[in-house]
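Here the UniProt record's numbering is used: the first residue of the sequence shown is 1, the next is one more, and so on.
No wet-lab data here; the hints were simulated from the structure. All residues carry an ideal CB built from backbone N, CA and C; glycine is no exception. Do not rely on the hints blindly, as some may be mistaken.
[What the hints assert, rightly or not] 25 Å max Cα-Cα, derived SDA-like pairs, lysine to any residue:
id	residue 1	residue 2
1	Lys228	Arg163
2	Lys171	Pro187
3	Lys228	Ala217
4	Lys171	Leu310
5	Lys228	Gln320
6	Lys228	Met64
7	Lys228	Arg206
8	Lys171	Arg21
[Unchecked claim] Computed beta-carbon distance windows for the label pairs:
id	residue 1	residue 2	range
9	Leu74	Leu256	55 to 63 Å
10	Pro243	Arg294	31 to 39 Å
11	Arg78	Asp258	24 to 32 Å
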Amino acid sequence: MLSSGSSADSGTTRAEAVLSRLQLLVTRKLDGLLQGDYAGLLPGPGSEAGESREYRPGDDVRRMDWPVTARTTLPHVRRTVADRELETWMAIDLSASLDFGTAAMLKRDLVLAAATAMAHLTVRGGNRIGAVVGTGSGVPAASPGRFRRKPAPSAPAAPSVVRMPARPGRKEAQGLLRAIAGTEIRPGRTDLGGLIDMLNRPPRRRGVAVVISDFMAPVDGWSRPIRKLGVRHDVLAIEVVDPRELELPDVGVLTLADPETGALHEVQTADPALRHRYAEAAAEQRGAIASALRAAGAAHLRLRTDTDWLLDVVRFVAAQRHARTRGTTR
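From just these sequences and the hints, can you work out the full model?
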């Protein structure tokens, strides 16, 4: 039986191995697949003023170029290019629900993969990147009925949210990623709304805000903070999903444990009506998440543990680049 110290060392070793593999994948593949102008690599449209063009349906009205509109009598918007000294902040949700996976990787590994890709895409030319990382409270929430767990013995509680300052340079970005990889996931649920709101305080100049989570927390708890974040910053929401969260396989009786509350449930997956209701409820939940992100004006990237996440990132960045350059002369 391993001691707690040995378990911690084993977890750190695994995190370092996962991070090293991810960095190698990103360096070898992402650079090769995303060749082109520096501005095209950024997940957001940037903050430095560029040329004007005619307004098209769907353009952000906050980018209206009123002087040109007045001179030409036609509505124009001002394009923006990437700021050479961009500041990017990531809100990393490491709730207990992220310590789960039934496909190629755990959801927490996919969170780290997304953070690694974002760091690689943004850290260059003096850009800075920082993060706030939220974990569970350390004590599972009370579960109903006979599955209620007794509270754990009192112990000094580690902070549920850790702020990692924004610093320039690849070496500092690698240190940031190592700190994220080494963060221990604890029982309980992260206050996702509070975590996102930390990116609003203190007020910063316009930049890029990236929220990486499975967004399993109630939508009402985080929709307002992310709308507030979108007023000042370009927001990218990366949703991490496992296929078993979308549909159940027919494998007989399953005993499922909620990692955030400790509640246990026995499910008869051979029942087609139950599987259908589960899929419908999952689709409704994901639809509510997508609607809330769309209402906040956030770009939405969904990554799955059973697909090629690098290819999904490339497709997303290519689509963002195309959306920024449509209707312009090349």
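> Which hint numbers does the structure go against, in order from smallest to largest?
Replying inline: Hints 2, 10 and 11 contradicted; others consistent.
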